[in-house]
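Student: Chain by chain, the residues run as shown.
There are 2 protein chains.
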Amino acid sequence: MAQKPSIPKGTRDFSPTEVTQRNYIFNVIKEAFENYGFQPIETPSFENSSTLMGKYGEEGDRLIFKILNSGDYLSKANETALNEKNSNALTASISEKALRYDLTVPFARYVVQHQNEIEFPFKRYQMQPVWRADRPQKGRFREFYQCDADVVGSTSLWQEVEFVQLYDDIFTKLGLKETIIKINNRKILSGIAEVIGASDKLIDFTVALDKLDKIGKDGVIKEMLGKGITEEAIKKVAPLLQLQGDNDSMLKELKVILKDSDQGLQGVSELAFVINNVAKLGLNTSSLKLDVTLARGLNYYTGAIFEVAAAQVKMGSIGGGGRYDDLTGIFGLKNMSGIGISFGLDRIYLVLEELGLFQKVELPKPKVLFINFGENEAFYCLETIKKLRENDVKSELYPDNAKLKKQMNYANKRDINFVVLVGESELNESKYTLKNMKSGDQSSCNFETLLKAVKNS
Amino acid sequence: MAQKPSIPKGTRDFSPTEVTQRNYIFNVIKEAFENYGFQPIETPSFENSSTLMGKYGEEGDRLIFKILNSGDYLSKANETALNEKNSNALTASISEKALRYDLTVPFARYVVQHQNEIEFPFKRYQMQPVWRADRPQKGRFREFYQCDADVVGSTSLWQEVEFVQLYDDIFTKLGLKETIIKINNRKILSGIAEVIGASDKLIDFTVALDKLDKIGKDGVIKEMLGKGITEEAIKKVAPLLQLQGDNDSMLKELKVILKDSDQGLQGVSELAFVINNVAKLGLNTSSLKLDVTLARGLNYYTGAIFEVAAAQVKMGSIGGGGRYDDLTGIFGLKNMSGIGISFGLDRIYLVLEELGLFQKVELPKPKVLFINFGENEAFYCLETIKKLRENDVKSELYPDNAKLKKQMNYANKRDINFVVLVGESELNESKYTLKNMKSGDQSSCNFETLLKAVKNS
Numbered sequence: 015m016a017q018k019p020s021i022p023k024g025t026r027d028f029s030p031t032e033v034t035q036r037n038y039i040f041n042v043i044k045e046a047f048e049n050y051g052f053q054p055i056e057t058p059s060f061e062n063s064s065t066l067m068g069k070y071g072e073e074g075d076r077l078i079f080k081i082l083n084s085g086d087y088l089s090k091a092n093e094t095a096l097n098e099k100n101s102n103a104l105t106a107s108i109s110e111k112a113l114r115y116d117l118t119v120p121f122a123r124y125v126v127q128h129q130n131e132i133e134f135p136f137k138r139y140q141m142q143p144v145w146r147a148d149r150p151q152k153g154r155f156r157e158f159y160q161c162d163a164d165v166v167g168s169t170s171l172w173q174e175v176e177f178v179q180l181y182d183d184i185f186t187k188l189g190l191k192e193t194i195i196k197i198n199n200r201k202i203l204s205g206i207a208e209v210i211g212a213s214d215k216l217i218d219f220t221v222a223l224d225k226l227d228k229i230g231k232d233g234v235i236k237e238m239l240g241k242g243i244t245e246e247a248i249k250k251v252a253p254l255l256q257l258q259g260d261n262d263s264m265l266k267e268l269k270v271i272l273k274d275s276d277q278g279l280q281g282v283s284e285l286a287f288v289i290n291n292v293a294k295l296g297l298n299t300s301s302l303k304l305d306v307t308l309a310r311g312l313n314y315y316t317g318a319i320f321e322v323a324a325a326q327v328k329m330g331s332i333g334g335g336g337r338y339d340d341l342t343g344i345f346g347l348k349n350m351s352g353i354g355i356s357f358g359l360d361r362i363y364l365v366l367e368e369l370g371l372f373q374k375v376e377l378p379k380p381k382v383l384f385i386n387f388g389e390n391e392a393f394y395c396l397e398t399i400k401k402l403r404e405n406d407v408k409s410e411l412y413p414d415n416a417k418l419k420k421q422m423n424y425a426n427k428r429d430i431n432f433v434v435l436v437g438e439s440e441l442n443e444s445k446y447t448l449k450n451m452k453s454g455d456q457s458s459c460n461f462e463t464l465l466k467a468v469k470n471s
Numbered sequence: 015m016a017q018k019p020s021i022p023k024g025t026r027d028f029s030p031t032e033v034t035q036r037n038y039i040f041n042v043i044k045e046a047f048e049n050y051g052f053q054p055i056e057t058p059s060f061e062n063s064s065t066l067m068g069k070y071g072e073e074g075d076r077l078i079f080k081i082l083n084s085g086d087y088l089s090k091a092n093e094t095a096l097n098e099k100n101s102n103a104l105t106a107s108i109s110e111k112a113l114r115y116d117l118t119v120p121f122a123r124y125v126v127q128h129q130n131e132i133e134f135p136f137k138r139y140q141m142q143p144v145w146r147a148d149r150p151q152k153g154r155f156r157e158f159y160q161c162d163a164d165v166v167g168s169t170s171l172w173q174e175v176e177f178v179q180l181y182d183d184i185f186t187k188l189g190l191k192e193t194i195i196k197i198n199n200r201k202i203l204s205g206i207a208e209v210i211g212a213s214d215k216l217i218d219f220t221v222a223l224d225k226l227d228k229i230g231k232d233g234v235i236k237e238m239l240g241k242g243i244t245e246e247a248i249k250k251v252a253p254l255l256q257l258q259g260d261n262d263s264m265l266k267e268l269k270v271i272l273k274d275s276d277q278g279l280q281g282v283s284e285l286a287f288v289i290n291n292v293a294k295l296g297l298n299t300s301s302l303k304l305d306v307t308l309a310r311g312l313n314y315y316t317g318a319i320f321e322v323a324a325a326q327v328k329m330g331s332i333g334g335g336g337r338y339d340d341l342t343g344i345f346g347l348k349n350m351s352g353i354g355i356s357f358g359l360d361r362i363y364l365v366l367e368e369l370g371l372f373q374k375v376e377l378p379k380p381k382v383l384f385i386n387f388g389e390n391e392a393f394y395c396l397e398t399i400k401k402l403r404e405n406d407v408k409s410e411l412y413p414d415n416a417k418l419k420k421q422m423n424y425a426n427k428r429d430i431n432f433v434v435l436v437g438e439s440e441l442n443e444s445k446y447t448l449k450n451m452k453s454g455d456q457s458s459c460n461f462e463t464l465l466k467a468v469k470n471s
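Chains as they are written, first to last, in this note's numbering: chain A, 15 to 471; chain B, 15 to 471.
Keep in mind the hints are simulated off the structure, nothing from the lab.
Check the hints yourself; a few may be wrong.
Intra- or inter-copy, both count: the list cannot distinguish identical chains.
Stated by the list, open to error - DMTMM-like, lysine to aspartate or glutamate: derived pairs with alpha carbons at most 25 Å apart:
hint, residue 1, residue 2
1, K400, E45
2, K419, E389
3, K417, E284
4, K374, E192
5, K374, E48
6, K294, E443
7, K273, E208
8, K328, D27
9, K417, D340
10, K23, E157
11, K466, D429
12, K401, D274
13, K191, E404
14, K401, E192
15, K44, D360
16, K99, E110
17, K374, E45
18, K90, E110
19, K69, E157
20, K452, E131
21, K196, D339
22, K23, D75
23, K23, D227
24, K469, E208
25, K374, D406
26, K374, E133
27, K427, E48
28, K44, E32
29, K249, E93
30, K196, E48
Starting from the given sequences, assemble the full structure and let the hints guide the process.
Tutor: Set out below in structure tokens:
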């Protein structure tokens with residue numbers, strides 16, 4: 015019985031058109047990364063489980079794909095877990111490896127492992143797939159690509175400035191206008207927590223604050239009270255509920271709200287540096303927008319926090335990043351501040367597709383198809399094709415001596431511009447009949463004319 | 015306690031230099047594939063286990079990396095297998111997905127699944143990693159890349175001819191001379207089996223025959239007798255033990271030896287077509303060599319069999335392939351003959367490295383480093399860097415206002431050709447001090463001169 019073929023949910027096949035369009039995005043990102051001085055590295059698809067587990071929180075641990083040990087893996091299985099049928103407890107004893115969950119932790123592992131070969135500050139980029147056992151939905155896949163650029167080994171805020179420029183550069187080159195680069199700073203959030211006197215309520219606070227547009231000021235306050243944030247605390251940060259206007263006026267407000275928090279003021283000063291310098295240098299098509307509700311990677315980032323949204327299309331974030339002061343510490347290398355940003359290739363793809371921004375991208379296809387009229391003619395064609403290929407003219411021979419209509423049909427379906435017909439008379443005269451499939455024009459020519467016609471088309 | 019970082023055995027990190035050199039190989043292969051009319055597809059890293067299992071023989075099944083189901087996987091585990099601690103029997107019930115083992119089976123699955131979107135003959139290429147739980151050794155990894163080009167939908171032998179040209183083209187472009195493209199045909203092997211009257215002895219026979227160079231004619235006969243091949247059978251194929259000389263004379267001999275086997279003669283005729291046409295079209299640096307001991311993928315291939323060796327370096331095969339008449343049948347699509355070849359990226363890398371063939375490959379690195387003398391100077395530098403980058407001049411600012419020596423040292427270590435120094439006087443005069451790190455020359459210039467100097471270097 016033949017199997018009906020299918021692929022695991024959350025994964026995708028990519029057709030020639032899709033691969034070509036994806037590679038176009040990869041190339042734009044790659045060229046910009048290199049233009050900014052980043053160098054490529056790659057890490058293995060799977061890591062030792064101990065490298066990944068515990069780095070992404072409990073939820074992350076669950077979403078990591080584990081690889082079953084090879085051979086008689088049950089011989090080393092945890093007996094108790096086996097008897098109790100405790101999947102969670104059993105896993106570590108039958109699985110030692112796991113698929114990459116993001117590019118940041120493997121990068122931290124790489125930096126520590128290769129620290130003696132690396133010149134710091136180390137600017138690396140990495141464009142590889144990651145895997146998450148998440149529930150698939152629009153823009154969320156179980157296998158997807160991240161494109162990351164990070165610097166480790168410097169605390170300079172010029173890097174924050176450059177990463178904003180890099181976002182702007184890449185989205186501009188992709189033709190994606192009006193992207194919004196949201197920026198916040200972990201120290202602002204810490205400052206707010208100080209002011210409301212409850213670090214443990216910080217997430218509840220930002221989640222509620224984030225709903226300001228939807229449920230209004232009163233709704234937000236109601237939700238905060240419901241989460242156990244005191245009226246007094248809310249009063250202290252009330253101006254946050256009216257924060258609006260441009261980045262400068264928001265920074266001014268924040269300075270007032272956070273006046274009693276050293277950390278908070280430090281955050282304001284860092285943000286001001288980045289925002290002012292970015293403004294002076296100028297962005298092409300993106301805008302940088304301070305957003306104090308931005309709290310992604312709360313346990314992770316220590317300084318700047320970034321998130322990018324495409325204003326024209328409804329889609330989750332298409333990029334994110336931030337500064338982490340001690341990512342490599344867990345692998346034994348202390349005091350290595352890093353900052354990085356990530357591009358979500360798959361979502362960017364969906365956005366560009368929705369906006370019709372792949373029009374320029376041309377599918378790699380032969381410029382010319384040689385019709386096959388039999389063995390002698392085919393050999394003559396292959397001699398010609400060899401010379402065309404040496405001149406970088408993509409060309410191919412229809413493999414079979416099939417009916418002319420079928421061969422012409424193939425050229426049409428593949429949208430090939432030129433067809434060459436070589437029958438007995440062309441063979442005897444060392445000529446070619448060249449047909450332009452768009453115009454229908456047909457002419458007899460020698461090799462030089464043929465080469466010129468197809469090469470410059 | 016900090017973990018000492020490491021990666022799973024058989025996997026590798028790739029440094030910027032390695033990634034760049036690997037990408038150089040990928041690009042040469044990719045350009046040639048497209049030049050020959052192949053189009054890219056990609057398939058997921060993991061497939062449903064049912065797609066892969068049973069396609070590579072028992073050994074293959076063992077070497078496939080299985081992915082543990084997510085969540086409470088033991089709740090659906092095979093009770094009997096669990097109680098008997100039978101790993102083999104348990105696997106299917108706790109693992110539904112597995113990592114790609116090669117690119118051919120996923121390709122067959124792709125063709126069947128997308129048959130209505132595909133124009134046949136379908137020429138696709140695919141360059142993706144595959145994973146095997148094999149014992150790592152030189153040139154054998156647990157994660158490695160295959161670069162495959164296949165055509166499905168035609169039985170034309172011109173394709174065999176073109177694949178030989180494609181091998182030759184790519185190895186020539188890589189600077190790898192004297193590669194030996196070995197060719198055989200499954201029908202020759204079937205013919206030999208017919209002649210020796212024992213299909214089940216065919217592998218023993220070819221294994222013994224393959225040792226001719228090492229153990230001589232008598233040694234081979236002794237081994238064959240030991241494997242139960244009769245004296246009578248050996249007498250019939252005795253000329254095989256003296257096969258030598260060029261392809262043409264070997265073909266002549268084979269025609270005699272296989273005169274009573276229709277299949278065998280068919281194989282000779284197919285081989286003759288390919289060998290003759292390749293000879294007439296000419297190869298650049300490779301040679302095509304008939305090798306009747308070549309039996310790779312015996313259960314798989316039905317016509318031509320290819321294997322490529324680098325003559326200058328001791329390394330396993332760096333490429334292989336062949337024709338398979340019914341690969342898609344197992345997924346429900348009959349009568350789809352296919353032929354394809356594969357390039358082993360990782361071994362080709364090792365060969366090129368050993369021969370010093372990466373000299374031309376240039377690491378992506380900044381052309382110019384701007385020294386950081388403080389906030390005002392750094393801002394001025396970033397304004398300049400922005401303009402340089404718009405002109406595609408890779409450039410970067412040293413992020414910190416560190417000691418000059420440290421910054422110059424960084425430029426040296428990264429082998430950056432130019433350094434720009436902007437102090438107060440340069441700032442006031444809107445000038446730059448440009449230092450050529452190779453020659454040591456230093457000069458004051460404006461932006462236009464700076465751009466010209468670094469862009470054309």
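Student: Cα distance capped at 25 Å. Does K452 pair with E131 within a copy, between copies, both, or neither?
Tutor: Between copies only: 23 Å across chains, 56 Å inside a chain, cut-off 25 Å.
Student: Evaluate K401 and D274 at a C-alpha cut-off of 25 Å and name the case that applies: within, between, both or neither.
Tutor: The answer is neither: 77 Å in one copy and 42 Å across copies each exceed 25 Å.
Student: When Cα atoms must be at most 25 Å apart, do K99 and E110 count as within-copy, between-copy, both, or neither?
Tutor: Close inside one copy (19 Å) and across copies (19 Å); limit 25 Å.
Student: Are the CA atoms of K401 and E192 at most 25 Å apart within a copy, between copies, both, or neither?
Tutor: Close across copies (22 Å), not inside one copy (47 Å); limit 25 Å.
Student: For K466 vs D429, is the C-alpha pair at or below 25 Å within one copy, between two copies, both, or neither?
Tutor: Only inside one copy: K466 and D429 sit 20 Å apart there, 42 Å across copies, limit 25 Å.
Student: One pair to classify: K374 and E192, alpha carbons no more than 25 Å apart. Within, between, both, or neither?
Tutor: Within one copy, since 20 Å is at most 25 Å while 41 Å is not.
Student: Which holds for K374 with E45 at a C-alpha limit of 25 Å: within a copy, between copies, both or neither?
Tutor: Answer is both: 18 Å inside a copy and 20 Å across each meet the 25 Å cutoff.
Student: Please work out whether the CA atoms of K44 and E32 approach to 25 Å or closer within one copy, between two copies, in both situations, or in neither?
Tutor: Classified as both; 18 Å inside a copy, 16 Å across copies.
Student: Using 25 Å as the alpha-carbon threshold, which applies to K23 and D227: within, between, both, or neither?
Tutor: Neither: 35 Å inside a chain and 52 Å across chains, both beyond 25 Å.
Student: Classify it for me, K196 with E48: is the Cα-Cα distance of at most 25 Å met within a copy, between copies, both or neither?
Tutor: within (24 Å within a copy, 41 Å between copies)
Student: From the Cα coordinates, with 25 Å as the cut-off, is the pair K427 and E48 best called within, between, both, or neither?
Tutor: Classified as between: cross-chain Cα gap 18 Å, same-chain 38 Å, threshold 25 Å.
Student: 25 Å Cα cut-off: does K90 pair with E110 within a copy, between copies, both or neither?
Tutor: Cα proximity of K90 and E110: in one copy and across copies (11 Å, 21 Å).
In the structure shown, a violation is registered for the earlier hints numbered 12, 23, 24 and 29, in ascending order.
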